[in-house]
Structure formats: structure tokens, C-alpha cells
Amino acid sequence: MSSPADPAPSQTFLQKNDFLIRRLHSLSGLIPVGAYMCVHLITNASLVGGVSVFQNNVFSIHSLPLLPVIEWSFIFLPLIFHAVAGIWIARSGKSNLQQYRWVGNRRYTWQRITGYIAFLFIFTHVFHLHGWFHNEWWLKTIAEPMGMAKFRPYNAVSSLASAMTGIAWPIFYAIGVLACTFHLANGIWTAGITWGVWLTPKSQRRASIACALFGLFIGSAGLSSLVAVKTTDAMEAAKIENAMYDARIHAHTITPDDHKRSDGHAVEKPKSELVK
Amino acid sequence: MIAPGNEASAKRRPTKVNVRILRQDGPGLPAYWERHQVDYEPDMNVISVLQKVAAQAKTSDGLKVAPVAWDCGCLEEVCGSCTMVINGRVRQSCSALVDRLLEDDANEIELRPMTKFPVIRDLCIDRSRLFRSLERVKAWVPVDGYYDMGPGPRISREEQEQNYPLSQCMSCGCCLDACPQFTKIEIQRQPAETEADYTTRKNASFDDGFIGAHAISQAMLFNAHPVGKIMARERLDALTSAGGVQDCGNAQNCVAVCPKEIPLTTSIARAGRAATVYAIKKIFDR
Amino acid sequence: MGSNRVLVVGGGLAGLAATMKLAELGVAVDLLSLTPVKRSHSVCAQGGINSVSDMTRQEGDDEWKHFDDTIYGGDFLQNQPPVKEMTYWAPKVIDLMDRLGVTFNRTPEGFIDRRRFGGTLYKRTAFAGATTGQQLLYALDEQVRRRESEGLVKKYEFWDFLGPILDDNGRCVGATAQDMVTMQIRDFPADAVVVATGGNGLIYGRSTMSVFCTGSAASRCFQVGARMGNPEFIQVHPTAIPGADKLRLMSESARGEGGRVWVPRKANDSRYPKVIPENERYYFLEERFPKYGNLVPRDIATREIFNICVNEGLSVDPLRMSVYLDLTHIPRAELDRKLGGILEIYEKFQGVDPREEPMKIFPAVHYSMGGLWVNYEANADGGLLPGSPKNQATSVPGLYAIGECDYQYHGANRLGANSLLSCIFSGLFTGPGIVNWIKGNRVASDLPKSLYEKAVAVQEARHKKLLSNTAGDENPYLIHQELGDIMTRAATVVRDNKQLSESYAKICQLSDRASKCGLSDTGSWTNQNVIFTKAVQDMFPVAKCILKGALQRDESRGAHFKPAFSMPNLTATEPVAKRAEAEGWCDAFEANNKKFLKSTVCTWNGNEPDISYEDIDTRLLPPRPRLYGLVGAEVIEQVWKERSAVIAAKNPQSGKKQLTGTT
Ligand SMILES: Cc1cc2nc3c(=O)[nH]c(=O)nc-3n(C[C@H](O)[C@H](O)[C@H](O)COP(=O)(O)OP(=O)(O)OC[C@H]3O[C@@H](n4cnc5c(N)ncnc54)[C@H](O)[C@@H]3O)c2cc1C
Ligand code: HEM
Ligand code: HEM
Ligand code: SF4
Ligand code: F3S
Ligand code: FES
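Chains as they are written, first to last, in the numbering used here: chain A, 65 to 340; chain B, 114 to 399; chain C, 43 to 705.
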């Protein structure tokens, strides 16, 4: 009789590493993906403070060396892992909310639903603003003609505002933000059980309240940036952005990069060079 | 021995009780609904309804049918035999009082077999997977033997009060049936297969499935025992193998349906903590 | 050559204890049960398990007193060596259970807590909340699962035992059984068969027992030649809640923890119980038995409650006879800690919180003291000889009986919390004896196949006949109900010869009708109908034993109470006359013992039980009047004490301890 702990030879890779995968999934949801989302939404919320504040933040992000490497190793890959594993996990269960309409079960089901929404949202969102890959050919022949890859970091607000014209995109973003927020807040709560941080029903209830407050905070940060985008005048913003761009080039805190600017400015030479 | 007469009550009582039962003649056969009607009596539970159904063996249309098969034992919610899905919720049928059920739906009581275990016949299901899980987590104290060796280890009142609730688990399987992460595994015996081969194959596929809240809780119970602890690592190995504690998605239905009100989610969280510590230790102790 | 195997039938406390002990001794075991063993009836046991403890010892208790209480409680109807051995083993049994992880309640310092139970003055009873049986059963179930995973035990759950297989010399060499799912009937060759199939409460229709307690297995052994002992002794528990499908027990532990039984002094007092002032309450047990109070033995408490309701008309409920069992004076937290399990049962099924409102309870059939007759071999100290193959052996060689289905330990009345003890003890103790029995015999698996095929064929024939019965369409469920009604009326608290003999005749007719059951299910897959019908048919031989045994026993002893043959109450008031009356009483008592202090032994003649009587082994403790300090009967005890002193002076070697009983 084989001891139940020995993995049977017939087990697949996934079965043998079930525990590890689940724990990495949980971890990846918290950091880096969850942590990134917090930073990201709070950065976006800085739009409320005005165009220059937000543009400043974007500048400092984009002044990071080897940005693509950071993006891929700390954001995209963990996210893809979390998403793929998440879908695999979500498909392994079978919600029975129809039968048992308790809070815990609702949360369980919504964690899955929001996971799927997050998947669609992030997939589209990153295409929409980031364009997925910053490869010249890809951007010029596929992404941009499709109306995607809209974001220009050095014209952060104006390009964002133009991406958000109309009502469809803002609604899409609002849903996405809410879904992601629920997913993260509830995810932190479940992760606390998964890792054994909160044990008893009482402490779980307390943690639950804390997570809800956290979700409220992050969610409103996300939504406020949407409101801010919709209430900002793109033309005015562009003027400020360009001025800031010039100033930065002048101060040599960034290097010129037309890909990161809106088309209208791409042909203009930085003032600093004109002076020369 | 019973005294004559029954409690009078001001409440209006029906004269008949209608039940709708999901029947199935055997494994792999189609399931079908059947309606029965029995005389109402005060203080009835679902078991006494089923007893009447069995005794009359006739549907409400007067059709003669084979009596409905079901399991029961203690009739006081300690043996775990009589689990079924009553009005959409998994529970013990002996403690399901008809008056209470009729408050939900005065027309009919709906009975279905448990949904996560293979149906043997009608309301009888095969819960061998549940007991297999107990074997998987080695839910016992590994004493040397049964000779007289004096008393066991001293146990404080706190420990007893923490462990006693867990030790009340009657293996009814409610927590499994209500768990969205626990899905049905049904293995049929193949014609040429020996009993032993069949059991081995069945156990192997059970072992890949989610182990379930009850077994996680039992593992925690025995890991808390001064002698049971000796096998803590083996239990954690089982809990972190395929289908282990990590498969719980924190739906917390288990704790809501457990008739013994066992703090299952606390056990799950404790198992999570122990598994974390154990997994890290394993890396550094190697 | 094949290897040795033992078949254990029944996985309650007794069967599991035997299985794990046999496995420890290296014997392969097949374990057969109607239900997954973890669901056996033993889970229902609530109150606790008895043994002398370090604490009671310092209060003057010892094993001998536990022995004395058990014998006195059983009205001297037990052979004494097995009881002595059991009580001397009791502390070891508790220690073992403790080691196995049973979650016994603890004192603040961490020792096993104890409570008081009926029929004793010491707090001997270890308990795990109010689910002691469940906790004990699970501990044993876990050990057996462990042995199963090691490969020495093979379980057959959802199998119905159909009967022992005897070879040409009458030795039991296995059994037949039926898979309740596939309906397959097969043989289980075995070098010894141990039946541990529990009580037979279902003969009474409704009782405090589980639906598995049909007694069918013991009956099947009886019908092929095993003897039955003391079948008429049925314990009716004083405190249960009547229900439509079951009579749910409210454990004696409720009284052990201070619960008080009372009724309003005034008949038909419809006031809410909590507003009835103390002086208008009749605590009848406490008043009549000041020494033992609410903890008199069960037969006495039951008769008192029955009497209060039936003869004195003081039932607290006009429609359903009952008295109050009151816990409301005990703090909630303590109740939850010690009695949670039963209070939840009451709350769940009655919809009333017993912590707030007194419970309404009435007696219910609870335990069979009688059962399969078993042998023993005494040692020089008057205990049992360890390892003797005679211990727990039925009259069929190779067939053993343990647990509630044997007749050995409880005489005419079982003391509360002694049964769990007798089950575990007999299960553990019998192991080495069985090993010794096996050694001396040819291995069963080497016996001719034809022997087994024949036995299977007999059972298959019975099965087929039932399925294709054209003789009638009697409904087995209704027959069972009728049987229960008759038995409940005739053979519970109060017994009367006319009613017993009429009932016996009725049962004989009913038994004929039961053989003409038409089945509503004639299929061959999980046919519960046919399994139940067989069980009902097999209840009749036992029911006949109970009635006939009761009919022939013209006395009152323990649970068997015949007012027409009871010892009279003392009526004189003047001391000298009273004294004379007591002398007469004691003479009558001695005369009665000469006639009836005997085990009833039944054998089956194919149609009816034949009854004979067997002397009781009272080598350790001479019988004495069982009065429990009844008010007004002190003089009897006085007279008896003086008589005993005279006897003791005449032959000093016959037990110096004989007067240390707790009267
Ligand atoms: C409600 C209640 C409370 C009690 N409380 C206490 C208490 O507090 N203290 C105390 O000491 N005692 C108590 N008792 C008594 C005690 O519980 C029983 O006497 C004891 O559990 C019997 O155990 P057992 O092992 O003999 O049989 P059981 O536990 O009844 O087991 C019988 C086994 O035999 C099997 N079986 C039966 N028939 C067949 C068949 N035909 N084929 C195959 N298998 C069969 C069953 O499946 C089962 O596994 C209580 C009893 C009741 C009813
Ligand atoms: C208020 C709503 C949101 C706004 C306005 C917004 C804005 C942006 C912008 C402008 C970018 C492009 C950054 C760049 O290309 O340098 C971006 C990228 C990205 N966003 Fe959002 N975002 C929002 C919500 C979210 C949410 C909820 C998530 C979920 C985690 C998310 C995940 C990402 C990711 C993964 C990228 C690509 C990472 C990168 O470019 O470095 N966004 N977002
Ligand atoms: C992109 C698509 C995503 C999918 C399909 C997805 C799916 C899931 C699923 C199914 C779970 C539940 C796992 C379980 O309970 O066992 C989960 C948990 C979690 N997810 Fe996601 N998720 C996605 C994106 C995200 C994002 C963007 C974040 C962070 C902002 C995130 C953070 C978390 C966290 C913290 C958990 C909790 C882990 C735990 O319980 O241990 N997920 N995810
Ligand atoms: S944990 Fe509760 S629901 Fe689950 S098997 Fe045990 S008693 Fe039943
Ligand atoms: S319902 Fe299932 S998902 Fe976990 S919390 Fe309970 S085991
Ligand atoms: S019959 Fe035992 S739990 Fe319902």
C-alpha cells in the first residue's frame, strides 16, 4: 500500500505541483500584481491634482532605466501567470450560488467572475493604451490603425483624454476598475486565510472589514482618475505637457523620444535644440 | 415505550404532506422525479416521511413502485448516515423537521441525493471517498499498541475545548456537498477488474481530488494532539499534495452547512498556516 | 496451507475493540457491518464510561466497590468473575482511551473530569461532553482505519450477516453475508467468528436505539444453535423524549450533573413550570430515595416515573405523559461544556431551550441486558483467566459474542456508563482467547469448499423465496409496527402474566404472517425491502424469548417487574411488629432467590424457545436485598445485616468483603 503522500507516477505536472502553483498564484496576486495595481491606480488618481502632477509622475516612471525589462518581469509575466493559473483554478471549481446564497459563497463566485472580467479588461486596456508590444512594426501596422496604443507618456493627460472620448471607454474602464478592485480586496482577504494570517471567524470578520475599506479606497482612487480625465481639457493639458517636456529636456532629466509623444508634436524640435 | 397522545398546537396543520423525490435505479442510470403523498403527523421529520413512503410504496398517482431507498441510523444527528439535499440544501434528514420545511414551502418537500457522491440508488450514495480522505491524512493517534501503558498525556482544559468540537465530525459529508471546489468523482468498476484493482484505481483518483474540509479539520485535530503530532509532517505532506488544502477557494459553505457546527474555516486557515511554515522549513531543512 | 482469519461481525465499540486487538496480535480480520462502522449505534451513547479513578479511590472507592455496585445494580443476576475482571480492568480501559486521543472533559489542572452516574455514590464516570460514545467509537474507528491501511483488516461495510457456518462437528468455521448494494451472497471462511452486533431495541418498534439495532444477527446465531441468556431483561431508560420515529434519550448525565426530576404536587397544574414555587413541587425521587436521589438505578427511576404518571395521574402534560427533568438551576456555560450534545438534541427536536425551561421526559426502551449466552473461565482470584478460549465463547464452538449482544455483565439491570465499559473490555479481553482457540484448530480456508457452498445455497434459497413470494402480501413495515406495539405494551416497565401469555400467542400468529411478506421491491440492487423483511422475520425468535422468559419468571428483579409477584411493602408501624415483618420479608427474599436467582437460558427448537435455568456464580458476593436506602425499608437492611454477620462468623473465609456493599 503506497503512502498517500507519495505522488503517484500517473500524476501530471500540474497535480504534482498543485500546492506550489497555488501558492505562487496567491503570491503573484498580492505582489507584484496587486501592489502594482495599487501604485498604478494611485498614480492615476494624481490626475485629480492637476495635469502637471500626473505628468510629473509619468515622467518619473518613464525615467526608470530599462523600463521594458521592469514591465515584463514585474508586471506582465506575473500577471500572465496569475491570469492563466487563475483561469485554470476558476475552472476547477463549480459555483453553486443558486443553491447556497451565503456571503462567503457570493464572494467566492464573484472572485471568479471578477477574475474573468479583469482578464478581459486588462487584456484590452493594455492594448488600448499601451499597445502590448512596443515594436515599431506592430504599433504602426496593427495597433495604431485599430485605434489602440493610444497613450503617449510625454503627453500623458491629453493622450489619455483623447483615448477616453465618448462614453463607451469610460464605462468599460469603470467596470474594469471596480472588478479589479473587488478582486484585489477580496483576494487579500482570502490570501489571509490561505497563508493562515487570520484564523478565527472573528478575526476573519475584522479582516473582512479592513479589506472592504481598502477596496473602497483603491476603487475610489481608480474612479476619480476617470472623472478627472473626463473633466480635463485635452488642448490645455497638451500645452502644459509640452512645456513640461521642454523643461525636462532642457534639464536633461529625460531624453527625447518621439514615440512617447503625441503625433502633433513629433515633428517639432525641442526648443532647447533650437536655441543651440 | 411511548406515552399516548401528542402535543396539541394552535397552529393549523395540513392533513397530507407532498414530497418530490429524485430517484435513480442504479449507478449510471437516468434520474427521474417522483411524487409521493403521506399522511401528516405532528413532530414528523423527513425520516418518518420516508418510512411512510417505503411502507406504502405507491406514488401520489396511485402507481405501485419500488420503495425509495435511503440511509439512516441514529435518527438524532450523530451518526452521519442520513445526509441528503432537502429543498435545495444539503443536511441531515433526521433533524429536518417537516413543520419547519413546510414553513419554507407549504406545497411540497423536495428530496434529492447528495450531488457530489456517486448515487447507488435513489437517495443512497457512496461516500467511500470521504473515508479515504481520512486515511490520506492519517487521522489517528499512532500509539504503540493497546496494552496497558498508563494514562495518556496531560491535556489542558483549553486544548480539550479546542479539540472537542473538531472530534465531533460525523463524516456526513455536508461540508463536501456544499463546497464548490469539491467535485464529483465517479468511477465504475470494469467488467474484468478484480475488487482489489478496482479499489486501488478508485482510491488513486480520489487522491487527486480535493480532500475536503472535514479531512483538513481532522488533520488539524490530530496535529494538535501531543502524540498525534508525531505524524504532523506526514499529514502536512498529504495536505500539500494534489487536492490538498490549497484547493480550498474559501467559499465557506462548508462551515455554514456543517450540522455539528465545526469551525472548519478556522481549521482550514490553521492548515494554511501550518502548510506555509512546513513548506518553507522543507526548503531550508533539506 | 491458508492463513488464519477471524471474522468480526459488527463495528460498534465491541467489534472495533476486538478488531484492533486481534490486528495487534497479528491476526487478519474481516470486519463486517450493516453500516460504515463509524456510524454504528455506539455513536449514540452520551453520558460516559465508568472506572474507579485516583480521586474516587481517595474517597474510599476501589475496584471492588465498582464491582459491588454493578452486581447490586444488576440485582445479582450476573456471573461474578467476568464482572469482577471488567471492573478491575476499567481504569486501564480509560487510560487506553485517553491515549487514543479521546477528548475527555478535563479538570482545570488537566486531569480527566468525572461525573456521578446512577447506582453509585462515587463520581466514577469519565465523559466527553455528552457525546462520549461518539468520541470513543471514533477513537477505535481511527485505530481500525490505521490497521486497515496497514493491510491487516479488511472492512465489509453495508453487508448483512446472515448466519454462522458450522462444520459437521458443530464448530463455527465462518459465516454467510449479503452485500446490501449488489445483493450478492457469499461465504466468509473464518477460524473464529465474533458477533458484536449490539442490542435489539427495534423489536419494540421505537426505542432509544439506532435503526441498525434489529437484533437480527444474534437471532441468526440463536436459530442455528447458540443459546440466549436472560432475554427478558430489557432496560427501560427513565428519561427520553418521545418522538414519531424515535425516542431520543436524555442521558442520565443530565441528572449526574445535578438535573432534578419533579412534577407539580397538584394534578393538572397548568402553570408554567418556572413559576411553580419550590414547596409545590414534588421531587419524588429525592423524597423517596434520599441517599441516591435522582441517581437511583434506571429500573427504579423508570418505575417511579411510570407510577407518578400512570397511577398517580401527575403527568405534567395532559396529552403526552411526561415529567420534568430540570436543569435550569445550573449555569449555562457549565451546561454547554458538559451536556452540550444532548441539550442540542432536545433543542433541535423539541424547539425548546432546556437551559431555560425544564425538559419533558418519559421512559423509553433502551438496552438489552440479555443476549447471546457466553462462557468464561475464572481464575483463582475470582476474576477471568486471561487468554482462555472459553471467555466470551457462545455455546457454538468458535462463535464468540461481545458487547451489548452478549448477556454477561449487567444482570437484571445495567448501571449507566457500564455498557461502554463492557463493550470495550470484552472486545479487548477476548482477543488473546480467540488467538488461542485458533491455534488448536484446522485453518478454515483449508476446509472443503462444499461446506461453504452449501451454506451460501441455503441463504440464496431463502432470499429467492422471499423475492418470489406468492403466498401473501403482508407488509413488513406494518408487521414490524404491530410487533413493536405488542412488545411495548406487554414487556416493558410493568409485566403481567395474562398479558404476557396473550401477547405470546399474538406474536406467534404475527410471526406466521411475517413469513408471508409480499415485497414491494423484487429487484436485485440495493433492495432495502428484502433486507428489512429478513430482519423483521428474525426478530420473532428473540421476541418469543423475551415474552416467554418474562412469563416464566414469576418474581420482580431489576428491570423485570411483576407487581403480582413483588416483595410486599412493610406496613407495620410499631417497632416489634415491624421487625417481625422484616424478618418475614427476608425469609421470603431468600426463598425467592433459591428459586429465581438463575440465568434464563433459551435454546431454539426450530419454532419456539425452550427455557432452562442455570445457577449463577456468586462466588464473590452473596446476594442481598436491593433497596437503595428506600425510605421506610431501613429495618429490612438492619435485619439482613445481622443475618449476614451470623453467616460470616460461621465461615470466615467466604469473603471478608461481603458486607462492604453500599447499602
Ligand atoms: C441513546 C443511548 C445512549 C447510551 N449511552 C450510554 C452511556 O452513556 N454509557 C454507556 O455505558 N452506555 C450507553 N449506552 C449503551 C451503549 O451505547 C451500547 O450498549 C453500546 O454502544 C453497544 O455497543 P456494541 O458494540 O455492542 O454494538 P453497536 O454499537 O450497536 O454496534 C453493532 C454493530 O453491529 C452491526 N450489525 C448489527 N446487525 C448486523 C447484521 N445483521 N449484519 C452485520 N452487521 C450487523 C452494526 O452495523 C454495528 O456495526 C447508550 C445507549 C443508547 C441507546
Ligand atoms: C482608472 C483606470 C485606469 C487608467 C486611467 C489606467 C491608465 C493606464 C495607462 C495610461 C497605462 C499606460 C502606461 C504606459 O504605457 O506607460 C496603463 C497601463 C497598464 N495598466 Fe492601467 N489604468 C487604469 C486601470 C488599470 C487597472 C485596474 C489595471 C489592473 C491591474 C491596470 C493595469 C495596467 C497594466 C498592466 C498596464 C501596462 C503596464 C505598463 O505599461 O507598464 N490599469 N494604464
Ligand atoms: C487577469 C485575470 C485574473 C484572473 C483570471 C484571476 C483569477 C483569480 C482567481 C480564480 C483567484 C482565486 C484563487 C483561489 O481562491 O484559489 C484569484 C485570486 C487572487 N487574485 Fe486574481 N485573477 C486575475 C487578475 C488579478 C489581478 C489583476 C490581481 C491584482 C490586482 C489579482 C489578485 C488576486 C489576489 C490577491 C488573489 C487572492 C489569492 C489567494 O486567495 O490566495 N488577480 N485570482
Ligand atoms: S465537518 Fe461537519 S459537515 Fe463535514 S463531514 Fe464532518 S460533521 Fe459533516
Ligand atoms: S466550502 Fe469549500 S472552498 Fe473551502 S472554505 Fe469550505 S472547503
Ligand atoms: S440518522 Fe444519524 S445523522 Fe441522521
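It should be emphasised that the hints constitute simulated quantities derived from the structure, not laboratory data. Some clues are possibly wrong.
As the list claims (entries may be wrong) - If the Cβ cut is set under 10 Å, some of the chain C residues that face chain B in the computed set are:
hint: 1; residue: Thr98
hint: 2; residue: Gly102
hint: 3; residue: Asp155
hint: 4; residue: Gln176
hint: 5; residue: Arg290
hint: 6; residue: Leu561
hint: 7; residue: Thr568
hint: 8; residue: Val673
hint: 9; residue: Gly674
Stated by the list, open to error - Anything over 12 Å on all C-beta distances counts as not near chain B; from chain A, calculated:
hint: 10; residue: Leu84
hint: 11; residue: Ile153
hint: 12; residue: Ala154
hint: 13; residue: Ser156
hint: 14; residue: Leu161
hint: 15; residue: Val190
hint: 16; residue: Gly211
hint: 17; residue: Lys214
hint: 18; residue: Gly256
hint: 19; residue: Pro265
hint: 20; residue: Met299
Glycine residues also receive a C-beta, built at the ideal position from the N, C-alpha and C atoms.
(message) Does valine 673 of chain C hold up as a contact with chain B if the rule is Cβ-Cβ below 10 Å?
(response) Because about 27 Å separates valine 673 of chain C from the closest Cβ in chain B, which is outside the 10 Å limit, the hint is violated.
(message) Given glycine 674 of chain C as an interface hint, is its Cβ closer than 10 Å to any Cβ of chain B?
(response) violated (28 Å)
(message) Given threonine 568 of chain C as an interface hint, is its Cβ closer than 10 Å to any Cβ of chain B?
(response) holds (4 Å)
(message) For valine 190 of chain A, is the shortest CB-to-CB distance to chain B above 12 Å, so the non-interface label stands?
(response) holds (27 Å)
(request) Taking the shortest Cβ-to-Cβ distance between glycine 256 of chain A and chain B, state whether it exceeds 12 Å. (result) Check fails; 8 Å does not lie beyond 12 Å.
(message) Just to be careful: measuring from the Cβ of aspartate 155 of chain C to every Cβ in chain B, is the smallest value less than 10 Å?
(response) holds (9 Å)
(request) Have a go at the arginine 290 of chain C hint: is there a Cβ in chain B nearer than 10 Å to its own Cβ? (result) With Cβ-Cβ at 5 Å, under 10 Å, it holds.
(request) Classify the hint on leucine 561 of chain C as holds or violated, based on whether any CB of chain B lies nearer than 10 Å to its CB. (result) holds (9 Å)
(message) Verify this label for me: isoleucine 153 of chain A is non-interface relative to chain B, using a Cβ-Cβ cutoff of 12 Å.
(response) Given that some Cβ of chain B is not farther than 12 Å from that of isoleucine 153 of chain A, nearest at about 7 Å, it is violated.
(message) Just to be careful: measuring from the Cβ of threonine 98 of chain C to every Cβ in chain B, is the smallest value less than 10 Å?
(response) Hint on threonine 98 of chain C: violated, closest Cβ of chain B at ~15 Å, above 10 Å.
(request) Grab the minimum beta-carbon distance between glycine 211 of chain A and chain B and tell me whether it stays above 12 Å. (result) Non-interface label on glycine 211 of chain A holds, nearest chain B Cβ at 38 Å vs cutoff 12 Å.
(message) Confirm or reject: leucine 84 of chain A is not an interface residue toward chain B, with every Cβ-Cβ distance exceeding 12 Å.
(response) violated (8 Å)
Hints 1, 2, 8, 9, 10, 11, 12, 13, 14, 18 and 19 from the list above are not met by this structure, while the remaining hints are.
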